[in-house]
Amino acid sequence: MIIIYVKHYLNKEGMNFFEDIWFPQVKSATGRQNGFISIESDRDKKDGELVNITLKFADWETLNAWVDTKVHDELVDGLDPYRTRNWEVAKIEKNNDQEAQPSELVWEQITPTQTFL
Numbered sequence: 003m004i005i006i007y008v009k010h011y012l013n014k015e016g017m018n019f020f021e022d023i024w025f026p027q028v029k030s031a032t033g034r035q036n037g038f039i040s041i042e043s044d045r046d047k048k049d050g051e052l053v054n055i056t057l058k059f060a061d062w063e064t065l066n067a068w069v070d071t072k073v074h075d076e077l078v079d080g081l082d083p084y085r086t087r088n089w090e091v092a093k094i095e096k097n098n099d100q101e102a103q104p105s106e107l108v109w110e111q112i113t114p115t116q117t118f119l
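The opening position of the sequence shown corresponds to residue 3 in the numbering used here, with each subsequent residue numbered one higher.
Take the hints with a grain of salt, since some may be wrong.
What the hints assert, rightly or not - Derived BS3-like pairs (lysine-lysine); straight-line CA-CA distance at most 27 Å:
(1) Lys47 / Lys93
(2) Lys93 / Lys58
(3) Lys58 / Lys96
(4) Lys72 / Lys93
(5) Lys58 / Lys48
(6) Lys93 / Lys29
(7) Lys72 / Lys29
(8) Lys58 / Lys72
(9) Lys29 / Lys96
(10) Lys47 / Lys58
(11) Lys47 / Lys29
(12) Lys58 / Lys29
(13) Lys48 / Lys14
(14) Lys93 / Lys48
(15) Lys47 / Lys14
(16) Lys48 / Lys29
(17) Lys14 / Lys29
Unchecked claim - Computed spacing ranges between beta-carbons, pair by pair:
(18) Ser30 / Asp70: 16 to 26 Å
(19) Leu77 / Lys14: 14 to 24 Å
(20) Leu107 / Ile39: 12 to 22 Å
(21) Ser30 / Asp61: 17 to 27 Å
(22) Ile94 / Asp70: 13 to 23 Å
(23) Thr71 / Lys48: 28 to 38 Å
(24) Arg87 / Asn36: 30 to 40 Å
(25) Trp62 / Asn13: 27 to 37 Å
(26) Pro26 / Asp75: 16 to 26 Å
(27) Ala92 / Ala67: 17 to 27 Å
(28) Glu63 / Asn13: 31 to 41 Å
These aren't lab readings, by the way, just hints derived from the structure by calculation. For glycine and all other residues, C-beta sits at the position ideal for the given N, C-alpha and C.
Sequences and hints are given; from them, build the entire structure.
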């Protein structure tokens, strides 16, 4: 099983958009993906701009199939107007029941796509 941890940093309007519109859309879209296991989110109690997402997929192949979809890109880009800083992602392969600690993960910082006219 592959576990993906995502940190999105959003302003207040973004948090409302996340909870009311964005996350339900993500749950629906990922739920239709082959190899999808689960998705959860929670707001960080210490950082009011941080929302954590945990996704689980059966393997790297099914995760990459989801990441390579146009729907994935559109959903991720949909949060860009609300970001207060770059988002972060960490991925691990889990072969036992031990949970990963966020401090032990290797986090990759993602810069929003910028389009210049």
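Evaluated hints:
With a C-alpha separation of about 23 Å, the suggested pairing of Lys47 with Lys93 holds against the 27 Å cut-off. At most 27 Å may separate the alpha-carbon atoms for a hinted pair to count; Lys93 and Lys58 meet this at roughly 10 Å. Between Lys58 and Lys96, the direct Cα distance comes to roughly 10 Å. Compliance with the 27 Å bound is thereby established for this hinted pair. Under the criterion of a C-alpha separation no larger than 27 Å, the hint pairing Lys72 with Lys93 is consistent with the structure, at around 21 Å.
The suggested pairing of Lys58 with Lys48 holds, with an alpha-carbon distance near 25 Å, which does not exceed 27 Å. In summary, the hint linking Lys93 to Lys29 is supported, as the alpha carbons are separated by about 19 Å, within the 27 Å threshold. Between the alpha carbons of Lys72 and Lys29 the distance comes to roughly 16 Å, so the proposed pair stays at or under 27 Å and holds. As the CA atoms of Lys58 and Lys72 are separated by approximately 19 Å, the hinted pair is consistent with the 27 Å bound.
The straight-line distance between the Cα atoms of Lys29 and Lys96 is roughly 22 Å, inside the 27 Å bound, and the hint therefore holds. This hinted pair checks out: Lys47 and Lys58 have alpha carbons roughly 23 Å apart, not beyond 27 Å. For the hint pairing Lys47 with Lys29, the CA-to-CA distance comes to about 22 Å; that is within 27 Å, so the pair holds. For the suggested pair Lys58 and Lys29, the alpha carbons sit about 12 Å apart, so the restraint of at most 27 Å is met.
The suggested pairing of Lys48 with Lys14 holds, with an alpha-carbon distance near 15 Å, which does not exceed 27 Å. With a C-alpha separation of about 23 Å, the suggested pair Lys93 and Lys48 falls inside the 27 Å cut-off, and the hint holds. A distance of roughly 14 Å separates the Cα atoms of Lys47 and Lys14; the hinted pair therefore holds under the 27 Å criterion. Simply put, Lys48 and Lys29 have alpha-carbon atoms about 25 Å apart, close enough for the 27 Å limit, and the pair holds.
Proximity of Lys14 to Lys29 is assessed by CA-CA distance (about 21 Å); at most 27 Å being required, the pair is judged to hold. A hinted range of 16 to 26 Å holds for the C-beta pair Ser30 and Asp70, which are about 18 Å apart. Range check, Leu77 to Lys14: about 20 Å between beta-carbon atoms, so the 14 to 24 Å window is met. Checked against the given bound of 12 to 22 Å, the beta carbons of Leu107 and Ile39, roughly 19 Å apart, stay inside it.
With their beta carbons about 22 Å apart, Ser30 and Asp61 fall inside the hinted range of 17 to 27 Å. As the Cβ distance of Ile94 to Asp70 is approximately 20 Å, the hint placing it in 13 to 23 Å holds. Between Thr71 and Lys48 the beta carbons are some 33 Å apart, a value that agrees with the proposed interval 28 to 38 Å. Separated by about 33 Å at the C-beta atoms, Arg87 and Asn36 satisfy the suggested range of 30 to 40 Å.
In this structure the hint that Trp62 and Asn13 lie 27 to 37 Å apart at CB holds, the actual value being about 33 Å. Take Pro26 and Asp75: their Cβ atoms lie about 18 Å apart, and the range 16 to 26 Å holds. Range check, Ala92 to Ala67: about 20 Å between beta-carbon atoms, so the 17 to 27 Å window is met. At roughly 36 Å, the beta carbons of Glu63 and Asn13 sit within the given window of 31 to 41 Å.
In the structure shown, no violation is registered for any of the earlier numbered hints.
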